[in-house]
Amino acid sequence: MAMSMLRQAVAALGTALLGSCRDLAPIVIVIAVFQGLILGQPLPEFFSIAMGLGLVVLGLALFVVGLDIGLFPLGETLAEEFARKGSLAWLLVFSFMLGSGTTVAEPALIAITREGALAVSEAGLIPGTQESIAGYALGVRLTVAVSVGVAIVIGVLRILRGWPLPYFILGGYGLVMLMTLFAPKEIIGLAYDLGGVTTSTVTVPLVTALGVGLARTIRGRDPLTDGFGLIALASLTPMIFVMVYGLVMH
Amino acid sequence: MEILFNPVRLLLATAKDVVPVLALLVFFQMVVLRQPIPRPRRIVFGFFLVLVGMACFLGGLDLALFPVGRSMAKMLTENAGGGAVSWTAYGWVYLFAFMVGFSTTIAEPSLIAVANKAQEASKRTVSAMGLRVAVALGVAVGISLGTFRIVTGTPLYLYILVGYSMVAIQTMVAPKVIVPLAYDSGGVTTSTVTVPLVTALGLGIASNVPDRSPILDGFGLIAFASLFPIISVLGYAQVAQWMIRRKG
Chain U
781 MAMSMLRQAV AALGTALLGS CRDLAPIVIV IAVFQGLILG QPLPEFFSIA
831 MGLGLVVLGL ALFVVGLDIG LFPLGETLAE EFARKGSLAW LLVFSFMLGS
881 GTTVAEPALI AITREGALAV SEAGLIPGTQ ESIAGYALGV RLTVAVSVGV
931 AIVIGVLRIL RGWPLPYFIL GGYGLVMLMT LFAPKEIIGL AYDLGGVTTS
981 TVTVPLVTAL GVGLARTIRG RDPLTDGFGL IALASLTPMI FVMVYGLVMH
Chain C
11 MEILFNPVRL LLATAKDVVP VLALLVFFQM VVLRQPIPRP RRIVFGFFLV
61 LVGMACFLGG LDLALFPVGR SMAKMLTENA GGGAVSWTAY GWVYLFAFMV
111 GFSTTIAEPS LIAVANKAQE ASKRTVSAMG LRVAVALGVA VGISLGTFRI
161 VTGTPLYLYI LVGYSMVAIQ TMVAPKVIVP LAYDSGGVTT STVTVPLVTA
211 LGLGIASNVP DRSPILDGFG LIAFASLFPI ISVLGYAQVA QWMIRRKG
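Chain order of the listed sequences is U and C. What the first sequence shows, in the numbering used here, is residues 781 to 1030, in sequence order. What the second sequence shows, in the numbering used here, is residues 11 to 258, in sequence order.
Bound-form chain U, shown alone:
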């Protein structure tokens, strides 16, 4: 069994390697065109760049193959079990933990909240001491984590009940627009950007597998129409929650 698994993996890896070469080609072309033709400069440290590109291609291929044999099947099995057992409370607990747990430690989120807190302190909204900046950044980070957890919970309920997604999304963005009028100016750009950065490379495939798995198992739901939409909600709620946070704090 181990041998056939290995052989399958090697075959899949070969296809994936070709695919990731194709995926990386546009970046290589852009760099070559701009560096060579427009800026008129040769590439610095050619060797390290070639090695780096090789690693990126290999990494992308391994990631895609690994998703197919590890993350996707486990996520979908879990979604099916939840749907079959009908333990709604546990499903919602799981959804919240999945959303908030994977967000709170996200490196991109940590970096951007720190920059945001610095900007807010320079604008004079909070004291410029180390503790107050770090506290503010942590506050925003926890707010975002909770908001993503809430988003996944709402999104899973939506799949179970078959509520149409556009009401949530368009209503949500209406709310964002309305709050933009009242929230402190310094936090608006940060809040808007936070919507995009929260969903990480591991979370996205898993959340997608959860949604599609649920929609596939529940009778009357379509995997395409009902299974997608969790990521959209998870990009929306952080904007609302962070602007509320800004309103409360100032």
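Some hints here could point you the wrong way.
What follows is a set of in silico ranges between Cβ atoms, one per label pair, in the way DEER data are often shown [said to hold, decoys possible]: (1) 891(U) to 168(C): 43 to 53 Å; (2) 787(U) to 256(C): 22 to 32 Å; (3) 943(U) to 85(C): 45 to 55 Å; (4) 830(U) to 186(C): 41 to 51 Å; (5) 183(C) to 904(U): 19 to 29 Å.
Residues of chain U clear of chain C, computed beta-carbon distances all greater than 10 Å [stated by the list, open to error]: (6) 794; (7) 795; (8) 838; (9) 854; (10) 912; (11) 913; (12) 915; (13) 922; (14) 930; (15) 934; (16) 962; (17) 992; (18) 1024; (19) 1030.
Straight-line Cα separation of at most 30 Å, BS3-like style, residue types lysine-lysine; simulated pairs [stated by the list, open to error]: (20) 133(C) to 865(U); (21) 257(C) to 133(C); (22) 133(C) to 186(C); (23) 965(U) to 84(C); (24) 257(C) to 186(C).
FYI, nobody ran anything at the bench for these hints, they're computed from the structure. Just so you know, even glycine gets a beta-carbon here, dropped at the ideal spot from N, CA and C.
Position chain C against the provided structure of chain U, taking the given hints into account.
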């Protein structure tokens, strides 16, 4: 020169991302649902590949793409316009923004994952590559327009307002099945590859164009990159539907 590629540190950092997720899944499957894990060795092997893959990918980005991308963004924004106030002096910057937006989105791992899932869930009526190109075009236009906004200093919320009105109108007329997927592609696009490069571009422009503050004007590019793919994916579905109708 400090060593940029440190495999052990990278693997540990990736493990911090991947292991809690695996633990959460295993806990719920075995303890809460009391079900065995199907083909456990295969799944563990898959997670291992994800872990190693992400470590290689991130390490490679740090080694090759990020330094080059950042220095190019810096050089372009420093030379462009020569401190000019007129927005027309920044042509290369818009073009660069467009191309960076497109090419980084095509290489974005989470988008690849979602596109493959969409192809499978739609029984191949949605093509994974077609979807990715549509999303990448959306990001490219979004970021290009975003740099134009920074150069001109026009308010962010106006663009967002117009964009979402567009999304609202398209939602009413586009094929219903594509709508959730289109909304999702907005959030998916901006992660590992795109965010660092785009942020560098935004901050570079905001600090080189006269009268712009990196704090107030540097943010907001990511918001553009999340908004425009929704429009382009809905548009892609509309065009596809129109072509099918015309044929039939």
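Results of checking the hints against the structure:
For residue 891(U) and residue 168(C), the Cβ-Cβ distance of about 28 Å falls outside the hinted range of 43 to 53 Å, so the restraint is violated. Here the CB-CB span from residue 787(U) to residue 256(C) is close to 46 Å, at odds with the stated 22 to 32 Å. Take residue 943(U) and residue 85(C): their Cβ atoms lie about 50 Å apart, and the range 45 to 55 Å holds. Separation of residue 830(U) from residue 186(C) is about 47 Å and conforms to the stated range, judged on CB atoms against 41 to 51 Å.
Between residue 183(C) and residue 904(U) the beta carbon distance is about 46 Å. The supplied range of 19 to 29 Å is therefore violated. Even its closest Cβ contact with chain C, about 14 Å, leaves residue 794(U) beyond 10 Å, as expected for a residue assigned away from the interface. The beta carbon of residue 795(U) sits about 12 Å from the closest Cβ of chain C, which is more than 10 Å, so the claim that it is off the interface holds. Not every Cβ of chain C is farther than 10 Å from the Cβ of residue 838(U); the closest lies at roughly 5 Å, contradicting the non-interface assignment.
Against the 10 Å criterion, residue 854(U) falls within the reach of chain C, whose nearest CB is about 5 Å from its own CB. Distance check for residue 912(U) against chain C: the nearest CB is about 17 Å away, which clears 10 Å, and the non-interface claim stands. Annotated as non-interface, residue 913(U) keeps its C-beta farther than 10 Å from every C-beta of chain C; the closest such distance is 14 Å. The non-interface label for residue 915(U) is consistent with chain C: the shortest C-beta to C-beta separation is roughly 19 Å, beyond 10 Å.
With a least CB separation of 17 Å from chain C, residue 922(U) remains clear of the 10 Å interface cut-off, as annotated. Distance check for residue 930(U) against chain C: the nearest CB is about 15 Å away, which clears 10 Å, and the non-interface claim stands. Its beta-carbon lying about 14 Å from the closest one in chain C, residue 934(U) satisfies the requirement of being farther than 10 Å from that chain. For residue 962(U), the requirement that its beta carbon stay farther than 10 Å from each beta carbon of chain C is met, with the minimum near 12 Å.
Non-interface call for residue 992(U) relative to chain C: violated, since the shortest CB-CB distance, roughly 5 Å, does not exceed 10 Å. Remark: the non-interface label on residue 1024(U) is consistent with the geometry, its nearest Cβ contact in chain C lying 17 Å away (cut-off 10 Å). At roughly 16 Å, the least C-beta separation between residue 1030(U) and chain C is larger than 10 Å, which holds for a residue marked as non-interface. Simply put, residue 133(C) and residue 865(U) have alpha-carbon atoms about 27 Å apart, close enough for the 30 Å limit, and the pair holds.
For the hint linking residue 257(C) to residue 133(C), the alpha-carbon distance of about 21 Å falls within 30 Å, and the restraint holds. For the suggested pair residue 133(C) and residue 186(C), the alpha carbons sit about 16 Å apart, so the restraint of at most 30 Å is met. Proximity of residue 965(U) to residue 84(C) is assessed by CA-CA distance (about 27 Å); at most 30 Å being required, the pair is judged to hold. Taking the CA atoms of residue 257(C) and residue 186(C), the gap is near 21 Å; set against the 30 Å cutoff, the hint holds.
Comparing the model with each numbered hint stated earlier shows that hints 1, 2, 5, 8, 9 and 17 do not hold.
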